[in-house]
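Participant: Spelled out, the chains give:
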Amino acid sequence: QKEVEQNSGPLSVPEGAIASLNCTYSDRGSQSFFWYRQYSGKSPELIMSIYSNGDKEDGRFTAQLNKASQYVSLLIRDSQPSDSATYLCAVTAQYSSASKIIFGSGTRLSIRP
Amino acid sequence: ETGVTQTPRHLVMGMTNKKSLKCEQHLGHNAMYWYKQSAKKPLELMFVYNFKEQTENNSVPSRFSPECPNSSHLFLHLHTLQPEDSALYLCASRSQETQYFGPGTRLLVL
Chain S
1 QKEVEQNSGP LSVPEGAIAS LNCTYSDRGS QSFFWYRQYS GKSPELIMSI YSNGDKEDGR
61 FTAQLNKASQ YVSLLIRDSQ PSDSATYLCA VTAQYSSASK IIFGSGTRLS IRP
Chain Z
1001 ETGVTQTPRH LVMGMTNKKS LKCEQHLGHN AMYWYKQSAK KPLELMFVYN FKEQTENNSV
1061 PSRFSPECPN SSHLFLHLHT LQPEDSALYL CASRSQETQY FGPGTRLLVL
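Heads up: the protein sequence lines correspond to chains S and Z, in order.
When the letters of the first sequence are read in order and numbered with the numbering used here, they come out as residues 1 to 113.
When the letters of the second sequence are read in order and numbered with the numbering used here, they come out as residues 1001 to 1110.
There may be inaccurate statements among the hints.
To be verified - As a list, the in silico DSBU-like pairs of lysine-lysine whose alpha-carbon atoms are at most 30 Å apart:
id	chain 1	residue 1	chain 2	residue 2
1	S	42	Z	1036
2	S	42	Z	1041
3	Z	1018	Z	1052
4	S	56	Z	1052
5	Z	1018	Z	1041
6	S	42	Z	1018
7	S	42	Z	1040
8	Z	1041	S	67
9	Z	1040	Z	1018
10	S	42	Z	1019
11	Z	1040	Z	1019
Just so you know, these hints were derived from the structure itself, not from any lab.
Let's have the full structure, built from the sequences with the hints guiding it.
Facilitator: This is how it looks when you write it as structure tokens:
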């Protein structure tokens, strides 16, 4: 079982709609959760972090965490063509003392005009 | 700009060459990382340094040799690479909870 799982996509969403990206993780001890956005040929850019159960909103982005279900999601409201990218879910690994963050393989999101 | 810089941004090398990638951060972070990202593949963690000490080597071939002389600098020394080593090499540094990436070095091995 992969430690962090994401649907690879592509996920196609019409402009202006809500894009919903999902991620599950296997380490129940994980405490910190992140969403990164990566444009083609560029490095990942941190867009959201969440540490406690519930929702966290930042502009058009909302991260949702459910530790009991080991599930974290990212909602993008009013999707724009510029949101087209690969979104990486990342989770801290509690079993390592080395500040290790585990990344999922990413979901490719395409916003169609 | 995340405050993590990498040089060079692009590198083409032959299989017999020796080259080094450099990463620098002045964010006061104590953990630094090397990742490899091949085309259409997920990020692969290569090495982790915590307070200048290597704490993770993710079964990386010995033709990749990391060096961390201080908390602000991280190097990846390359020698006798193979064409399949062509990839984007990303450096990252981490504060308490957040990890920031540099722009990466796009490496092509001929």
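Participant: Against each hint, give a clear statement of whether it holds in the structure.
Facilitator: We went through each hint and held it up to the structure:
1. S/42 / Z/1036: holds (13 Å)
2. S/42 / Z/1041: Within the cut-off at roughly 14 Å; holds.
3. Z/1018 / Z/1052: It holds: about 23 Å lies between the C-alpha atoms, which stays within 30 Å.
4. S/56 / Z/1052: violated (34 Å)
5. Z/1018 / Z/1041: Status holds; Cα separation ~25 Å.
6. S/42 / Z/1018: holds (25 Å)
7. S/42 / Z/1040: Roughly 13 Å separates the two Cα atoms, so the pair holds.
8. Z/1041 / S/67: Roughly 27 Å separates the two Cα atoms, so the pair holds.
9. Z/1040 / Z/1018: Judged against 30 Å, a Cα distance of about 26 Å means the pair holds.
10. S/42 / Z/1019: OK: residue 42 of chain S and residue 1019 of chain Z at ~22 Å, within 30 Å.
11. Z/1040 / Z/1019: Measuring from Cα to Cα gives roughly 25 Å; hence the hint holds.
Going through the hint list in order, the structure does not satisfy hint 4, though it satisfies all others.
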